[in-house]
Amino acid sequence: MMTSRGYDMTPTMYSPDGRIYQVEYAMETVKRGTLAIGVCSKEGVIIAVEEKTRTLQTTNITQKIFQVDFHIGVAAAGYIPDARIQVDSARFYSQGSRMTYDESVEVATVAKHLADQSHQFTQYSGVRPNGVSLIIAGIDQKGESIYVTDPSGTYVQYAAIAIGAGSDDVNEFLEKHYNSDISMDDAASLAIAAINLKNEQKDGIDDINMAKITTKAKVFETISESDLKNYSQNVSKFASE
Amino acid sequence: MMTSRGYDMTPTMYSPDGRIYQVEYAMETVKRGTLAIGVCSKEGVIIAVEEKTRTLQTTNITQKIFQVDFHIGVAAAGYIPDARIQVDSARFYSQGSRMTYDESVEVATVAKHLADQSHQFTQYSGVRPNGVSLIIAGIDQKGESIYVTDPSGTYVQYAAIAIGAGSDDVNEFLEKHYNSDISMDDAASLAIAAINLKNEQKDGIDDINMAKITTKAKVFETISESDLKNYSQNVSKFASE
Amino acid sequence: MMTSRGYDMTPTMYSPDGRIYQVEYAMETVKRGTLAIGVCSKEGVIIAVEEKTRTLQTTNITQKIFQVDFHIGVAAAGYIPDARIQVDSARFYSQGSRMTYDESVEVATVAKHLADQSHQFTQYSGVRPNGVSLIIAGIDQKGESIYVTDPSGTYVQYAAIAIGAGSDDVNEFLEKHYNSDISMDDAASLAIAAINLKNEQKDGIDDINMAKITTKAKVFETISESDLKNYSQNVSKFASE
Amino acid sequence: MMTSRGYDMTPTMYSPDGRIYQVEYAMETVKRGTLAIGVCSKEGVIIAVEEKTRTLQTTNITQKIFQVDFHIGVAAAGYIPDARIQVDSARFYSQGSRMTYDESVEVATVAKHLADQSHQFTQYSGVRPNGVSLIIAGIDQKGESIYVTDPSGTYVQYAAIAIGAGSDDVNEFLEKHYNSDISMDDAASLAIAAINLKNEQKDGIDDINMAKITTKAKVFETISESDLKNYSQNVSKFASE
Amino acid sequence: MMTSRGYDMTPTMYSPDGRIYQVEYAMETVKRGTLAIGVCSKEGVIIAVEEKTRTLQTTNITQKIFQVDFHIGVAAAGYIPDARIQVDSARFYSQGSRMTYDESVEVATVAKHLADQSHQFTQYSGVRPNGVSLIIAGIDQKGESIYVTDPSGTYVQYAAIAIGAGSDDVNEFLEKHYNSDISMDDAASLAIAAINLKNEQKDGIDDINMAKITTKAKVFETISESDLKNYSQNVSKFASE
Amino acid sequence: MMTSRGYDMTPTMYSPDGRIYQVEYAMETVKRGTLAIGVCSKEGVIIAVEEKTRTLQTTNITQKIFQVDFHIGVAAAGYIPDARIQVDSARFYSQGSRMTYDESVEVATVAKHLADQSHQFTQYSGVRPNGVSLIIAGIDQKGESIYVTDPSGTYVQYAAIAIGAGSDDVNEFLEKHYNSDISMDDAASLAIAAINLKNEQKDGIDDINMAKITTKAKVFETISESDLKNYSQNVSKFASE
Amino acid sequence: MMTSRGYDMTPTMYSPDGRIYQVEYAMETVKRGTLAIGVCSKEGVIIAVEEKTRTLQTTNITQKIFQVDFHIGVAAAGYIPDARIQVDSARFYSQGSRMTYDESVEVATVAKHLADQSHQFTQYSGVRPNGVSLIIAGIDQKGESIYVTDPSGTYVQYAAIAIGAGSDDVNEFLEKHYNSDISMDDAASLAIAAINLKNEQKDGIDDINMAKITTKAKVFETISESDLKNYSQNVSKFASE
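Chains as they are written, first to last, in the numbering used here: chain A, 147 to 387; chain B, 147 to 387; chain C, 147 to 387; chain D, 147 to 387; chain E, 147 to 387; chain F, 147 to 387; chain G, 147 to 387.
Derived by calculation from the structure, the hints in this document are not laboratory data. Note that the coordinates shown come from a computational prediction; the quantities given were computed from them, not determined experimentally. Any given hint could turn out to be false.
Stated by the list, open to error - Derived, one-sided and incomplete: chain B residues facing chain A with beta-carbon distance under 7 Å: (1) T158; (2) Q269; (3) G299; (4) Q303; (5) A305.
By construction, the Cβ of each residue, glycine as well, lies at the ideal position given by its N, Cα and C atoms.
Just chain A, same shape as in the assembly:
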């Protein structure tokens, strides 16, 4: 830590070994956030977040899952107000695209748009990098896809991915249990199992919010608590060793 001092004060400064510390610190902010997960199935895409609410908090409004367009949703980990602003930008961009070209924007295009925005916050002074990673999931002409953006401005496509606190272990878990022929129902169960990886209760759903976009409907749907309950009954399929 000592050696980074002074070089880590602004995103417009390199350290002698060529690192941009403020971007790395922003990634720590993502790691401080609760888990978010995306799983891609042949039948559609699933996004899920762990979201602990206070007793009197109104739970029908999720802070960490957002609908961007009919066919695109976002799950976030990190500094959530940054996520909200990025989602607003994605919505505006997506609608603009629809008006201009008279067709739905591609998921990859939205992901690149958000990554480009995040990149701007790493190159100019007077701002801080975004403190959030986003899972952008959707269905478009090319099929189902899931992208992840991070504070550095990178965007990468995954079949299944976790971001936020404990995501390293959860990604290992996903790598072990995911296969590309997974059904939507199993994808949902896998997501629950992944979020509960370190919890005693492997089928707990109290702190889980989930949404899906099916290849058929191509429309973002919040998954109801009763459906969540059903999915949770199959988590044992993905018993961690």
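Given the coordinates of chain A, assemble chains B, C, D, E, F and G onto it according to the supplied hints.
Same frame as chain A, but now just chains B, C, D, E, F and G:
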């Protein structure tokens, strides 16, 4: 504290562990403010603040409760001049919305507008984050609702919530005594009991200002001192343990 | 003091305990200024300042009492050039209001305008907070009123108030002797007694400037030296214990 | 001095005790400048400066006395290039006023204009306060008047005043010898006596420049060396005990 | 390192020995990136990158090889989000050029455009230098060419070149084995051999992405995995002694 | 020096004793420059500079003497690129003045223009003061005149003056030998003698450039080497005892 | 070095002894660059640079010699990307001049334009001075000429000049061997001898690039390798004793 030094000088800088200290310090400013409370009832919403005045201060003007529109009110805790500016912005936004769409703005929309503003003050240099949390309470097409914004740019919906000095204890108290079928009268009594939680005199109302918006009238009303007195006679309903 | 170091360099920085030191220091500037007093009577309002002049200074021009409009006056304590700029802004605002609405601006509106301006200087970098508090006194449709603004951007209504050096003691004195049925003449005598609180000569008027706006005339009038002399003969009414 | 360190680096920063050190330092710059004097008589106004020139310097051009308009002159002490810029601004302002209102600008208006300008340099970053005090002397509808501006943005009217090096002693001297019935000739002699207060040769005029505006002529006139010599013969009237 | 301290904080500062450390640190960022290679043949150009992907990452999308125009491709080493922004700029520039002049832009012109952009980030404050080097390869009127840009704003033409981690050794290897009559197939095999220089498995292609533009087709083509496999069978031609 | 530390970093900061160190340091830059001299005669004005050239430098182009207009020339000491920019500004200003008023600009007006420009660089941040002093010499309606500007923004008229390295001694020398009836020829010889004041060879002209403007011709003329030689033969007239 | 600390951080700051260290450090950057040479002959001008290339670098493109216009070329030493930007500006300026006046721009005018640009980078904050010196050589109405610009914004005309690493020794060598009647062929040989001054092989041309503009053709021509070889055979004419 030592280790934060240097990373806590501007809101555009992350600490090595991914925290934005200036935002956290602004939340301390909120904690230094006197208590503000919002309670949601099926019949309407209540907002209340503790507000100590000097002997010769004219008390018919409250510094910490504001009307935003016919159907929306705000209670503030923290650096009050920041609250005033945010309320002005909310009024302007609310009126603009009415002119454009010819109907009342939704409470959630106002809350998001204020949270987005607060967020801006966390991302760009040359400003400080807002030093205030707001309880935004109102009645709209979706019914009664109460939102809380904070310096980070977060906004969250609650059934009942306290912000400001001692709010942790008061929120525990609210969680114990609040239920969603509470009447407006009981909601008012609960608010008084909550503000007096740590006071000897559990029914004191000298330093309390309160306002309500009923589902029926949909209009912001300041609660008179005589009504306050009536409500205070029922605080014993909510005897803390 | 030690612990504030570094956090007290700009108004756009919070200390770890949520304080904005530059605003607090600006309030020290107000405390360094000589005393200013406002007293509200049913018959009108009085503002008075202590103002020591050099031997060859032309005394018919006061540095610390200003007329804003026909019906509004200001008394200032602190860094006087800041007061002058604020008064100019108040005059401009007041005249603009008159032209737009064809009626006199309300005293509260002017007070809020000046407080909002002061607030701006606490939120953006590249400026310092205003180093002055103002007593804004006037008569409007709602009657007699006196407001006080300070460097933080707060404005509060008082029946009687002192600002500047020694104001804590003087406010205690006012709280003891003021009552809301006070006559204009007694209000003037009270102001003299208050300014001389710590002086040997309780009826000295050499360093006092005073102005009044009566409810009847609704016009700002400087009080002549002979009237001051008359008022000073009744200061014994308000003998401090 | 030690304790001011850090708080005295920019005019937009208060010290913990509410002082603006950069403004106070700019006043030191004024104290480093040679003496300037203004004296008001019923018959007109006199301004005079001490101005030491190098042997081959062309002396018919004064660096420290300026004509602003027909009826207004300025004498400066401190950082003279700042004075020159302020005088240019005053000339422009005065001519603009004449064109707009078709009459001569008032002396007080010019003084306030210059003080307001100086104030701006105390409130915004990226500039330094003006390092100069000005004596603005003239004749207008209200008669003879002399104003003094300083780096803080203050302006004050005096019957007679000295600024610059040694001005404290000289002002004491003026207070002893000035009276409001002084003739123009005596005012000129008094100014010479004042400038030579600490010199052995009480009637020396080699380093003195002087100008006058008489109530009759209302026109700025440089006083010739022969007139200066005449005035100097009466300095003994004002023997400093 | 000690001696550079202070001079290495911004790209707008020289050290006493005339170095621009922030530019040198940005070059370290390039060295931290995985290897990228360009090889020029009489029959066309080859670009290749080493690109390790996570297990569930979708591999059909490369992060480090980009098509700029029909006839131009880019391979990047270093901070990839910077590369993406530069490639976007190159695409826009290339299309603009086509529209204006109705012909394909020259490869050298694109390289110069990107180098000029990088240079801007070394001369003005408030930004950081680009943390990426690019290999720009293409076919134009002048034939096959490969250019390299770096964070300093330099661009240089090479027959064969490696950038990124371990590029010093790989460039030595290329110098030994490259000759200007190399066939496209051998160029591809050489690139594979070069990337695997330090690996045990000399013909591994799992982490390699490659693209080519042939002189005949003048069109950017991604090289398929089966073609890669074929090329890899000839890496022994370039056994490193 | 110690005590100035911190206060001497920008021209927009006063030291506790009211000095602007960056301006004083810029004057040191002038003192580091080689000597420049101006001498006023009844028949015209002379400007001369010491200018050492490298062996292969083309000497017919002087770096330190400039023609501004037909009737005005400039000699510079200090940081010469600053002088060049100021001269360009003077040329532009002078031509603009001629176009607007259809007559030659006055020398004093040009001097004031350049001094005002220099002053700007002492009041705003983000620039450094000019590091050059200029001798502005010319003939206008008022006759022959010579002005000197310096980094502070001061301009002063002299009959004869030296600036740059050793100018203190040279000015003493000029004061001893100059008289206002000096002929042009003697003025030229005096300038040579002054530049050689500290040299063994009192009549050396190898490193001297000189120009004149005669009252008759009113046109800037470079003085030829043969004329210089003639003038140098009379330097003994001004033997520095 | 110690004593410069703090004063050498920005080009807008003088040290106590009046130096602008950032400009001096930029001159160190020039000294770090490889040698560039310009030689003026009655028959034309020669520019030459030492330019070491990597084995696979394409050598037909020089990094350090540039054509600006038909009749003007540039050779650079120092931070080459800065040179490229300056050359682009010179080309634009030169073409603009041709369009406006319908004739070729003068070499001196281009040199002054580039020097003025470099000067701007020494006076304003937020940029660094240019880290390059340029030899601008050409033929215009006034004949053959060679100018040198440096980071300070100075431009000087020379008959023959070297810049960059070891230029002090090479300039001594040029002073000894250059004479103004030198033929173009000998000028070229002299340039080769000068570049090889410290090399064992006095006639080596592998790392030399050269260009010429003859008085007759008035067109920039790169000198071919075979011509270079011929010239190199006469370097013994300029044996450095």
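Status of each hint after checking the structure:
1. T158: holds, 4 Å
2. Q269: B/Q269 check passes; min Cβ-Cβ to chain A is 6 Å, inside 7 Å.
3. G299: With Cβ-Cβ at 3 Å, under 7 Å, it holds.
4. Q303: It holds, given that the least Cβ distance between B/Q303 and chain A is near 4 Å, below 7 Å.
5. A305: Where the cut-off is 7 Å and the nearest Cβ of chain A is about 5 Å from B/A305, the hint holds.
Going through the hint list in order, the structure satisfies each hint without exception.
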